[in-house]
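Q: Those sequence lines, one after another, are chains A and B.
Following this note's numbering, the numbering of the first sequence begins with 104 at its first residue and continues without gaps.
Following this note's numbering, the numbering of the second sequence begins with 2 at its first residue and continues without gaps.
Keep in mind that the hints were calculated from the coordinates and are not lab data.
Virtual Cβ for every residue (Gly too), placed ideally from N, Cα, C.
Errors might be hidden in some of the hints.
What the hints assert, rightly or not - Going by beta-carbon spacing under 8 angstroms, a handful of chain A positions derived as facing chain B: (1) D157; (2) L212; (3) A359.
Said to hold, decoys possible - Derived SDA-like pairs: lysine to any residue, alpha-carbon spacing no greater than 25 angstroms straight-line: (4) K175(B) <-> K143(A); (5) K41(B) <-> A26(B); (6) K143(A) <-> A123(B); (7) K41(B) <-> V250(A); (8) K41(B) <-> E247(A).
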Amino acid sequence: MRRERPQSFADYTPLFFPGLMLIVFFVVPFSTMIAVSFFKRDPVGFYTRDFVFDNYARFLSTFFGGVLGFSLLLAIGVAVCCVLIAFPFTYLLTQRPRRVQTLWLVGLLSVLSLSEVIIGFAWSTLLSRTAGITNLFVWLGLMEAPVALLPSVWAVLTGMVYQALPYTILVLYPALVRLDPTLLEAARTLGASPVRAFLNVVTPALRNTLVATLIMVFVFALGSYLLPQILGRPQHWTLSVLITDQAIYQSNMPFAAAMAVFLVLISLALVGLTLFVGRRENAG
Amino acid sequence: MSAFLRRLYFTAVALFLAAPIIIVAGVSVNVKQDLSFPPKGFSLSWYGQIFLDPGWRQALFASIVLAITAAALAVAIALPLAWFLWRRIAPWANVFQILGLAPFILPPVITALGFLTFWATAGFYGQPWTAVISHAIFFVTLPLVTLSLGFASIDRALVEAASTMGADDRTVLKTVVLPLIMPYLVSGYAFAFVLSLNEYIVAYMTVGFTMETLPIKIFNALRYGYTPTMASVSIFFVAIAALVFGLIARFGDIRRLLGALSSDGN
Numbered sequence: 104m105r106r107e108r109p110q111s112f113a114d115y116t117p118l119f120f121p122g123l124m125l126i127v128f129f130v131v132p133f134s135t136m137i138a139v140s141f142f143k144r145d146p147v148g149f150y151t152r153d154f155v156f157d158n159y160a161r162f163l164s165t166f167f168g169g170v171l172g173f174s175l176l177l178a179i180g181v182a183v184c185c186v187l188i189a190f191p192f193t194y195l196l197t198q199r200p201r202r203v204q205t206l207w208l209v210g211l212l213s214v215l216s217l218s219e220v221i222i223g224f225a226w227s228t229l230l231s232r233t234a235g236i237t238n239l240f241v242w243l244g245l246m247e248a249p250v251a252l253l254p255s256v257w258a259v260l261t262g263m264v265y266q267a268l269p270y271t272i273l274v275l276y277p278a279l280v281r282l283d284p285t286l287l288e289a290a291r292t293l294g295a296s297p298v299r300a301f302l303n304v305v306t307p308a309l310r311n312t313l314v315a316t317l318i319m320v321f322v323f324a325l326g327s328y329l330l331p332q333i334l335g336r337p338q339h340w341t342l343s344v345l346i347t348d349q350a351i352y353q354s355n356m357p358f359a360a361a362m363a364v365f366l367v368l369i370s371l372a373l374v375g376l377t378l379f380v381g382r383r384e385n386a387g
Numbered sequence: 002m003s004a005f006l007r008r009l010y011f012t013a014v015a016l017f018l019a020a021p022i023i024i025v026a027g028v029s030v031n032v033k034q035d036l037s038f039p040p041k042g043f044s045l046s047w048y049g050q051i052f053l054d055p056g057w058r059q060a061l062f063a064s065i066v067l068a069i070t071a072a073a074l075a076v077a078i079a080l081p082l083a084w085f086l087w088r089r090i091a092p093w094a095n096v097f098q099i100l101g102l103a104p105f106i107l108p109p110v111i112t113a114l115g116f117l118t119f120w121a122t123a124g125f126y127g128q129p130w131t132a133v134i135s136h137a138i139f140f141v142t143l144p145l146v147t148l149s150l151g152f153a154s155i156d157r158a159l160v161e162a163a164s165t166m167g168a169d170d171r172t173v174l175k176t177v178v179l180p181l182i183m184p185y186l187v188s189g190y191a192f193a194f195v196l197s198l199n200e201y202i203v204a205y206m207t208v209g210f211t212m213e214t215l216p217i218k219i220f221n222a223l224r225y226g227y228t229p230t231m232a233s234v235s236i237f238f239v240a241i242a243a244l245v246f247g248l249i250a251r252f253g254d255i256r257r258l259l260g261a262l263s264s265d266g267n
């Protein structure tokens with residue numbers, strides 16, 4: 104059946120239900136949130152209608168600047184770690200037989216679908232003194248006594264890398280699995296070692312993919328809302344944690360909304376950048 | 002030599018990914034109510050607790066009902082949309098595709114807060130069904146992506162043949178298109194189901210104070226009192242995810258779903 108332009112109004116019927124649902128339950132909530140960011144806080148209810156910029160003005164404090172700076176740095180750290188681990192790994196994975204690939208993909212998807220609550224719980228157990236990995240080291244005779252490795256910024260970083268690593272691998276997978284095999288053959292025929300071929304041929308060929316992946320993982324890491332809370336100290340809280348905290352525990356929905364709008368703007372700018380980088384790759 | 006290094010690298014990544022799960026599995030078989038590793042004794046009673054303890058059983062039930070209905074609603078939204086985009090040339094309709102992808106790309110806190118403000122303003126805050134709609138919108142991306150892949154893989158000549166033989170749109174849809182995209186529909190449902198089961202922040206911000214899903218229950222236990230049941234539930238969830246994705250891999254082409262083949266069907 105060829106694709107046709109809709110002939111009559113009736114041809115649009117399939118669009119009604121999805122369109123209605125997405126507008127009512129995504130566009131409207133989103134707009135509500137933007138509106139609420141200009142409202143005033145109501146200590147007993149949710150908010151009072153108003154039009155003030157107070158919630159945005161609060162961004163201009165050193166505390167907020169610190170949180171923002173820390174969130175961005177942490178997300179950059181996570182993105183860099185993940186891509187450094189995932190890129191060679193995914194490359195090697197795509198060289199393996201189909202069966203091995205399928206097995207890994209099932210495992211990666213299972214870890215990726217894990218609730219952030221479960222990841223947080225699992226890592227807080229793994230890094231704890233009573234049930235942690237240090238008990239294993241003591242048992243092996245490597246350490247004197249078990250110690251707690253959390254809360255610390257390293258625990259937060261490790262947990263977030265754990266959360267984002269399967270995502271990174273799955274984002275890189277299509278690009279690497281579709282990589283032109285003749286590129287590599289040519290490099291090998293000309294006498295390059297596998298490592299050299301990877302570094303000098305595969306990596307430059309996928310430069311833009313790598314940049315796009317870095318940005319996507321960065322946005323993914325910005326969204327982590329529980330791990331900094333479970334594995335870190337209050338000074339390790341990120342923007343996402345702060346939004347949850349303001350909305351739920353401080354009952355300051357307008358301020359939470361203002362921060363969320365701000366986070367949307369950062370994310371959208373970065374996603375736009377990804378699309379731009381991706382387009383250049385396809386064009387060039 | 003390089004094969005050895007590769008194996009070492011794969012093992013290291015596998016260990017990193019498996020380590021927390023192994024520890025939690027160890028904790029979950031402790032005999033007494035303490036979270037120690039290596040476990041003291043061996044007992045599966047904490048797995049029994051998931052079903053025997055009323056609190057955990059209710060949370061499990063709430064989570065499963067939520068996941069089943071939300072995933073169904075997500076597919077019901079995604080299917081007509083993907084079909085329309087495949088069947089018709091209507092560039093402006095791509096706006097809906099972008100709307101369907103957006104909740105998944107943006108940080109989840111934003112979608113969650115959007116729902117919180119929306120349901121609070123509409124006056125339905127805390128109703129169980131609001132979580133179903135919220136999850137369906139939040140996860141509509143997954144069936145939308147798998148179904149788009151499915152439609153793209155259909156050989157248009159097959160459909161052409163059916164309509165030349167006199168089948169109308171409805172018959173073509175029922176006898177040719179639906180059977181062809183069924184595997185993609187099932188995987189889309191399965192992805193949405195598993196993720197909804199594990200989702201915390203949207204559920205928490207919509208019904209967190211009136212209903213406990215399993216992730217909310219685990220989080221509350223994390224704050225207000227540890228019990229090995231948290232560990233057994235976590236392992237139970239890992240097992241469900243592995244089972245579902247394993248089934249998809251067994252009966253479908255998971256490599257294709259994850260982009261191993263280009264979307265034009267080559």
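Q: Take the hints in turn and mark each one as holding or not.
A: Hints and how they fare:
1. Restraint check, D157(A) versus chain B: the minimum CB separation of about 17 angstroms is more than 8 angstroms; hint violated.
2. This hint holds: L212(A) has a C-beta 5 angstroms from the nearest C-beta of chain B, less than the 8 angstroms allowed.
3. The closest approach between the C-beta of A359(A) and any C-beta of chain B is roughly 6 angstroms, which is under the 8 angstroms cut-off, so the hint is satisfied.
4. Distance restraint check for K175(B) and K143(A): the Cα-Cα separation of roughly 53 angstroms exceeds the 25 angstroms cut-off, and the hinted pair is therefore not satisfied.
5. Distance check on the hinted pair: K41(B) and A26(B) sit about 13 angstroms apart at the alpha-carbon level, within 25 angstroms; holds.
6. For a cut-off of 25 angstroms, the pair hint linking K143(A) to A123(B) stands: about 18 angstroms separates their Cα positions.
7. At most 25 angstroms may separate the alpha-carbon atoms for a hinted pair to count; K41(B) and V250(A) meet this at roughly 19 angstroms.
8. Between K41(B) and E247(A) the alpha-carbon distance is near 20 angstroms, which keeps this suggested pair within the 25 angstroms criterion.
In summary, the structure is inconsistent with hints 1, 4 from the numbered list given earlier, while agreeing with the others.
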